[in-house]
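On the provided structure of chain A, position chain B as indicated by the hints.
There are 2 protein chains.
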Amino acid sequence: MTQSVGIVTPQKIAFETPIALSSGVTLPRYDLMVETYGELNAARSNAILICHALSGHHHVAGRHSQDDKAPGWWDTMIGPGKPIDTDRFFVIGVNNLGGCHGSTGPSTIDPATGEPFGSTFPLVLVRDWVETQARLADHFGIRQLAAVVGGSLGGMQALRWTITHPERVRHALVIASAPKLTAQNIAFNDVARQAILTDPDFHGGDYYRHGVVPRRGLRLARMLGHITYLSDDGMGEKFGRLLRSGEYKYGYEVEFEIESYLRYQGDKFSDYFDANTYLLMTKALDYFDPGRHYDGDLVPALREAQARFLVVSFTTDWRFSPARSREIVKALLDAGRDVSYAEIESVHGHDAFLMEDAPYHNIMRAYMNRIDAEVNA
Amino acid sequence: MTQSVGIVTPQKIAFETPIALSSGVTLPRYDLMVETYGELNAARSNAILICHALSGHHHVAGRHSQDDKAPGWWDTMIGPGKPIDTDRFFVIGVNNLGGCHGSTGPSTIDPATGEPFGSTFPLVLVRDWVETQARLADHFGIRQLAAVVGGSLGGMQALRWTITHPERVRHALVIASAPKLTAQNIAFNDVARQAILTDPDFHGGDYYRHGVVPRRGLRLARMLGHITYLSDDGMGEKFGRLLRSGEYKYGYEVEFEIESYLRYQGDKFSDYFDANTYLLMTKALDYFDPGRHYDGDLVPALREAQARFLVVSFTTDWRFSPARSREIVKALLDAGRDVSYAEIESVHGHDAFLMEDAPYHNIMRAYMNRIDAEVNA
Chain A
373 MTQSVGIVTP QKIAFETPIA LSSGVTLPRY DLMVETYGEL NAARSNAILI
423 CHALSGHHHV AGRHSQDDKA PGWWDTMIGP GKPIDTDRFF VIGVNNLGGC
473 HGSTGPSTID PATGEPFGST FPLVLVRDWV ETQARLADHF GIRQLAAVVG
523 GSLGGMQALR WTITHPERVR HALVIASAPK LTAQNIAFND VARQAILTDP
573 DFHGGDYYRH GVVPRRGLRL ARMLGHITYL SDDGMGEKFG RLLRSGEYKY
623 GYEVEFEIES YLRYQGDKFS DYFDANTYLL MTKALDYFDP GRHYDGDLVP
673 ALREAQARFL VVSFTTDWRF SPARSREIVK ALLDAGRDVS YAEIESVHGH
723 DAFLMEDAPY HNIMRAYMNR IDAEVNA
Chain B
373 MTQSVGIVTP QKIAFETPIA LSSGVTLPRY DLMVETYGEL NAARSNAILI
423 CHALSGHHHV AGRHSQDDKA PGWWDTMIGP GKPIDTDRFF VIGVNNLGGC
473 HGSTGPSTID PATGEPFGST FPLVLVRDWV ETQARLADHF GIRQLAAVVG
523 GSLGGMQALR WTITHPERVR HALVIASAPK LTAQNIAFND VARQAILTDP
573 DFHGGDYYRH GVVPRRGLRL ARMLGHITYL SDDGMGEKFG RLLRSGEYKY
623 GYEVEFEIES YLRYQGDKFS DYFDANTYLL MTKALDYFDP GRHYDGDLVP
673 ALREAQARFL VVSFTTDWRF SPARSREIVK ALLDAGRDVS YAEIESVHGH
723 DAFLMEDAPY HNIMRAYMNR IDAEVNA
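From first to last, the protein sequence lines stand for chains A and B. Anchor point for the first sequence: position 103 equals 475 in our numbering, and the numbering is continuous, going up by one each time. Anchor point for the second sequence: position 99 equals 471 in our numbering, and the numbering is continuous, going up by one each time.
Just chain A, same shape as in the assembly (with noise of 0.2 Å):
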């Protein structure tokens, strides 16, 4: 029995000052979902900011009531005697801004019309994410985090906050992401996103007003990132040409079990995510590049940086290989940073960063355990 931060609630968090989005456009102001385990130092000196990747948000561990069925989303890494202890951390889980889970986006009434945002929610960035976490920070009196955490997007933003406010982490745990998207991994994005976009049922992102959601569109997009969460091999492994009735039907119905298996994912998926929030998402995570504005080059851009690094990548991931991790590790390497880096053998592909795995949780408690010991010393 591993140990849970057992039942917790959310707390949605007002911001009341305006802010200036990269896009242009200003919010007056924003909510914020959040969960937090643990127990802030006098010292204030041990909190742990989780930055969730595309779907996911501030549910990070535990669970809601006891017969909730599912805890959150990383509930394996955190919790006490965990690899995140919550014994010794104040662990902060955060809906973005734009997200479907609480915090202000797209679906949330827009005050000014009593409508949900929808097609009017300006874009969103990385960096207008780091800033609403920073905020937050300074909503719990935390000056510098202990250290930013995440996996896929979530380590773009861990990366972001150690260039946009370097004096405000003291560590980046940068999992199974990369430096900027390829234009393979922008294509994947864009046939997602044309999915949803020309869903009859989007309404030009107004379709909360039709009372439809674009459902079809939705659905093939998580169909399509499932495939590039998990492995060639992996898939093979757990489905291979597993055929549903043990032959072939001659149909369009299901005949593989990985058939069932990814319409179930989307079907699931689009009854509960909004599908404005999985379009802003993953133009976030096409417009980061943090040495855009340095010719391309990120080694410029990580010289701000004052944190250490802990990078870890996934052998069989190849939404962000490890060789997209070997460029973060480096240029930081190149600017003169602090950085441990782990490749992760593991047949999982890009979901094996949420996933139970020895060697995996081994390091990342290693790791933790020297910020534990600086902080809480």
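Take the hints with a grain of salt, since some may be wrong.
Note that the list lumps identical chains together, so a pair holds whenever it fits in one copy or between two copies.
In the DMTMM-like style, the derived pairs of lysine to aspartate or glutamate whose C-alpha atoms are separated by at most 20 Å in a straight line are [unchecked claim]:
1) Lys552 <-> Asp605
2) Lys552 <-> Glu609
3) Lys610 <-> Asp661
4) Lys552 <-> Glu619
5) Lys610 <-> Asp667
6) Lys552 <-> Asp604
7) Lys621 <-> Asp667
8) Lys552 <-> Glu629
9) Lys621 <-> Asp661
10) Lys384 <-> Asp510
Simulated from the structure, these hints should not be mistaken for laboratory data. As the structure is a prediction and not an experimental result, all values here were calculated from the model.
Relative to chain A, chain B alone:
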């Protein structure tokens, strides 16, 4: 200036003998659209059958008129003095049964109803195509083909020929192909199919009578297909993160050049290709598994073969990687067959099999010279 076969004219050949398909359905008759280049020799021993891939057809080389904008899809490979030399071989291009370029398929008028077949057109397997192609060889009075040649799904047809009609194939050239699809391959196909099947304009496959086509679905399917035809590196070299307008626009219009390319490819394809044919072709891919009746073992299946083989793969092809071609080679060797294998360095991914490249063409040319020496002696 490379030589061309010049102006070519397709012919529609009627087959009035019923064909019992693998799905259990019998078609009473069908037409095949065909082009031929070069001359059949007196011994009728110099015929080369070209099998097409997912979106291919009978128009393999030459042009249909002086002002035809583009030549046939494999014009770089086939023509006078080219690797498949029409001065020495009689080359046959055929649009497969179920196609949408003149052969009987879902968009053909069903004489029984006076309406397009649509949803009533049966699924067709690779082995069914081979049967129709064998009848096509009969039509030309050809007992044995000098070679069956194909890339991707075309390579699967070449492989199937050697098993089903061992005595009728002298050589099989299996290029950028695979012995069967992986779960990931099937997954990509299923996302493409779901895009078409859930398009409101699909109408269960009978969109013809509604005067619409499921353009959105077909466009998404093609966009996704294109990602898998190109390599990550190739896309990076060609498009990278190049912006259409030089700066971020913060919207869902084309931002990166790769988006423009994919959307253009999708739009173009959805203008001319039939959605039911696309569905049917992807299912033929999924079902192909010549080792299936031998507990998934390709070796006993290939023991039937008498042909000699050339297997070719391309280093950056991740749709059907070199490892998949090596599976074929290994099975052929274990079955005691004669096989040559070439792994070509290329940045062009799966698409490399369609492109002009000296090392690739030199290998094809050398192998074809060997066939020439045998059949035109």
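Hints, verified against the model:
1. Lys552 <-> Asp605: The answer is between: 15 Å across copies meets 20 Å, while 25 Å in one copy does not.
2. Lys552 <-> Glu609: between (30 Å within a copy, 15 Å between copies)
3. Lys610 <-> Asp661: Between copies only: 19 Å across chains, 35 Å inside a chain, cut-off 20 Å.
4. Lys552 <-> Glu619: between (44 Å within a copy, 16 Å between copies)
5. Lys610 <-> Asp667: between (43 Å within a copy, 18 Å between copies)
6. Lys552 <-> Asp604: between (23 Å within a copy, 14 Å between copies)
7. Lys621 <-> Asp667: Answer is between: at 19 Å across copies they meet the 20 Å cutoff, but 55 Å inside does not.
8. Lys552 <-> Glu629: This pair counts as between: shortest inter-copy Cα distance 16 Å, intra-copy 34 Å.
9. Lys621 <-> Asp661: between (47 Å within a copy, 15 Å between copies)
10. Lys384 <-> Asp510: Within one copy only: 15 Å inside, 75 Å across.
Violation of the numbered hints given earlier is absent; every hint is satisfied by the structure.
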